[in-house]
Amino acid sequence: MSLLSKAREAIICLKAGKVTLPYPAQPHAPAPNFRGRPIFDAAKCIGCAGCANNCPAREILIFDPCQEIRVLHYLGRRCTYCGRCADVCPEKAITMSQDFETATDKIGDLSQHLELFMSTCQRCGRCFKESSPLEQLKLKGYRCDDLEHEHVIFRSQSYLKDAPVVDDINIELD
Amino acid sequence: MAGNILWLLLKCFANVAVMLAVAPLCEGVIRKMTARIQSRQGPPVLQPYMDLLKLLGKEDIESGESPVVQRVAAYLALSMAMLVACMVPMGFASPMSNVADCLVLVYLLTMCGICTLVAGLAAGSTYSLIGISREMMTMITLEPLLAIALVIGSMHTQSFRLNAVLDGSVYTIGGFPWSGLVILLVMIFAFQAFIQRLPFDIAESETEIMEGPLMEYSGPKLAMFKYAQMCRLVILAALFIALFVPFGSRLMFPLGWLIFWAKVLVLILAVTLVAATHARYRIDQAVRYFAALIVVAFVALVLASYGF
Amino acid sequence: MFKSLCQKMFGRSLWVYHANSGGCNGCDIEVLNVLTPYYDAERFGIKLVGSPRHADVMLCQGPALRATAQALRRAYDAMPAPKLVFAIGSCACGGGIWHDTYAVLGPVEKVVPVNFYIPGCPPRPEAIIYGVAVAVGLVDKKVAPVTFKQLELPIPRYHPSDLHGQDELVVYEKSETL
Numbered sequence: 001m002s003l004l005s006k007a008r009e010a011i012i013c014l015k016a017g018k019v020t021l022p023y024p025a026q027p028h029a030p031a032p033n034f035r036g037r038p039i040f041d042a043a044k045c046i047g048c049a050g051c052a053n054n055c056p057a058r059e060i061l062i063f064d065p066c067q068e069i070r071v072l073h074y075l076g077r078r079c080t081y082c083g084r085c086a087d088v089c090p091e092k093a094i095t096m097s098q099d100f101e102t103a104t105d106k107i108g109d110l111s112q113h114l115e116l117f118m119s120t121c122q123r124c125g126r127c128f129k130e131s132s133p134l135e136q137l138k139l140k141g142y143r144c145d146d147l148e149h150e151h152v153i154f155r156s157q158s159y160l161k162d163a164p165v166v167d168d169i170n171i172e173l174d
Numbered sequence: 001m002a003g004n005i006l007w008l009l010l011k012c013f014a015n016v017a018v019m020l021a022v023a024p025l026c027e028g029v030i031r032k033m034t035a036r037i038q039s040r041q042g043p044p045v046l047q048p049y050m051d052l053l054k055l056l057g058k059e060d061i062e063s064g065e066s067p068v069v070q071r072v073a074a075y076l077a078l079s080m081a082m083l084v085a086c087m088v089p090m091g092f093a094s095p096m097s098n099v100a101d102c103l104v105l106v107y108l109l110t111m112c113g114i115c116t117l118v119a120g121l122a123a124g125s126t127y128s129l130i131g132i133s134r135e136m137m138t139m140i141t142l143e144p145l146l147a148i149a150l151v152i153g154s155m156h157t158q159s160f161r162l163n164a165v166l167d168g169s170v171y172t173i174g175g176f177p178w179s180g181l182v183i184l185l186v187m188i189f190a191f192q193a194f195i196q197r198l199p200f201d202i203a204e205s206e207t208e209i210m211e212g213p214l215m216e217y218s219g220p221k222l223a224m225f226k227y228a229q230m231c232r233l234v235i236l237a238a239l240f241i242a243l244f245v246p247f248g249s250r251l252m253f254p255l256g257w258l259i260f261w262a263k264v265l266v267l268i269l270a271v272t273l274v275a276a277t278h279a280r281y282r283i284d285q286a287v288r289y290f291a292a293l294i295v296v297a298f299v300a301l302v303l304a305s306y307g308f
Numbered sequence: 001m002f003k004s005l006c007q008k009m010f011g012r013s014l015w016v017y018h019a020n021s022g023g024c025n026g027c028d029i030e031v032l033n034v035l036t037p038y039y040d041a042e043r044f045g046i047k048l049v050g051s052p053r054h055a056d057v058m059l060c061q062g063p064a065l066r067a068t069a070q071a072l073r074r075a076y077d078a079m080p081a082p083k084l085v086f087a088i089g090s091c092a093c094g095g096g097i098w099h100d101t102y103a104v105l106g107p108v109e110k111v112v113p114v115n116f117y118i119p120g121c122p123p124r125p126e127a128i129i130y131g132v133a134v135a136v137g138l139v140d141k142k143v144a145p146v147t148f149k150q151l152e153l154p155i156p157r158y159h160p161s162d163l164h165g166q167d168e169l170v171v172y173e174k175s176e177t178l
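Protein chains in written order, with my numbering: chain A, 1 to 174; chain B, 1 to 308; chain C, 1 to 178.
Source of the hints: derived by calculation from the structure; they are not laboratory data. Glycine is no exception: its CB is placed at the ideal position from the N, C-alpha and C atoms. Check the hints yourself; a few may be wrong.
[As the list claims (entries may be wrong)] Restricting the straight-line Cα-Cα distance to at most 25 Å, the calculated cross-link-like pairs of lysine-lysine (DSS-like) are:
| # | chain 1 | residue 1 | chain 2 | residue 2 |
| --- | --- | --- | --- | --- |
| 1 | C | Lys-8 | A | Lys-6 |
| 2 | C | Lys-83 | A | Lys-106 |
| 3 | C | Lys-110 | C | Lys-149 |
| 4 | C | Lys-149 | C | Lys-47 |
| 5 | C | Lys-8 | B | Lys-32 |
| 6 | C | Lys-3 | A | Lys-106 |
| 7 | C | Lys-47 | C | Lys-83 |
| 8 | A | Lys-92 | C | Lys-149 |
| 9 | C | Lys-8 | C | Lys-141 |
[As the list claims (entries may be wrong)] Label-pair restraints from in silico Cβ distances:
| # | chain 1 | residue 1 | chain 2 | residue 2 | range |
| --- | --- | --- | --- | --- | --- |
| 10 | B | Leu-185 | C | Val-139 | 35 to 43 Å |
| 11 | B | Ala-292 | A | Arg-8 | 20 to 28 Å |
| 12 | B | Val-22 | C | Leu-138 | 28 to 36 Å |
[Claimed, not checked] Per the computed footprint, the stretches of chain C lying under chain A, defined by three or more beta-carbons under 8 Å from a beta-carbon of chain A, are:
| # | region |
| --- | --- |
| 13 | 86-97 |
| 14 | 136-150 |
Please work from the sequences and hints to get the whole structure.
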């Protein structure tokens, strides 16, 4: 009895034929709402750093080498493809593509690096200073995330050369 | 005299060479058939050859409690398989039939199983010890079945010679071969366990005890063990066919040989069908199953001794 | 010659050991999906084995936790050469969302050297198969770093260190032209 039912199982599966997708040989498009890799469009980006402030994995780093240039570095390593950056961007400069074929042997291959020109005030070139201290607290000022160690630094008024990097936790590996 | 020995060695060598060449192909057929039954594409049929070659090219890490015993176990496994291949008829008559008898066959086959036990003991880790205790329980209840089949055959033909016994001897009595049919039924139910496939691959249950006795093997020694397992499949299939379905093996060279390999293929397909549709038995369920089979085999032995 | 044959066979028969060092199991399930009939991985010769000593490739998922880093390292050391390590999922590639929490040491490459990265959260089974195909050499990889520069330096810039004076009167010392 049980042998017969097993034989019937085997016949059912054999009748289904071969259900394997011939994947690497033929492309297989994902479903229409699929969120793949985000693509940054530098022509539309205004450098507001909204995406960097909202990324849950702190994947987008902002660095200001001087007053006029803002460097936006998308690492690509720990991106969870949540799409928050695309939702928040006011200029719709970030699109979540349908690209999932992102395997690589060097993790730096996934990075996108944008250097944007932030125009200055033509009169004296200094940043605006707000009238009251409360308004001054709301200013973000320079961003100086640590591009080399891939850390976001949560200080808003630090200047560049003298800003110490946040101390790493000292973890022992025995 | 020297010519005789040379002829003997040549026949043994031919048997061993054919077995070594065909054993991975049989394993490949099993894997491909299993994949097709599961509705997927499956590996190419020559995949086990590639597996063995890759394993031979890997580094050999000697770990476990006693590396010397590990080495001995690995070499012993493959050499026992090759030795038994010399004694088993594969389309021709058995090469060593006038220098060995079927008791030696039983001992050497048990030795193959003992190699796994030694391997597990040499590794010494908890998983290996659990694996070999299960393998021991299986062996204790399973090897007697093959011995009983051979003894029934020799009782009927009144001789222990390999040529006489391994030639459908369980059926060769005057009247209706009751004992032959009973022992045939027993062996059909136990065959899956002899070659250690699902539902009876208890000793090397992968996900449960991390491959049991073979856990600490890597590289070339693992290749030898895997090869020995593949050869066991071919040897036991040949034994089963020689004992129970020898019809047509006595024809002339090309036809008899081809019929033998066709029978092996049919047996392998039957094995695959059972293996692909069953889940693994627990050790206590398996021991109960084998105990029932041993009782029936003893009944067959009693029948044979009374001449039925 | 025999050795070169064995080395050529390495890419055709990869035995995989699956090591999850603290992930959420999302990538585990995707790896399991790869072994099902729909995305069959066995057609490339890939087999899941239970012991690192039998394996060629270690699939790492989840970030390297403080608690499991030693176990991961030992599993890596137990594998016989030649060996590969694939880091699957954002947690293994770069630490994931948890990269700076108290329990996480970082990405898996802080503990074992990684050969291939398959990012995603979790990566689709096709992405995992694509990663394996890139590793074996069947297809080429498709990503490359992108850099975009809107303007080249030097441009006139008013650097804080060039601004002198205090309080009301601030004078800009240098002036550069484009």
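Quiz prompt | Index of numbered hints that the structure contradicts, given in increasing order | solution = Structure breaks hints 1, 3, 4, 6 and 10.
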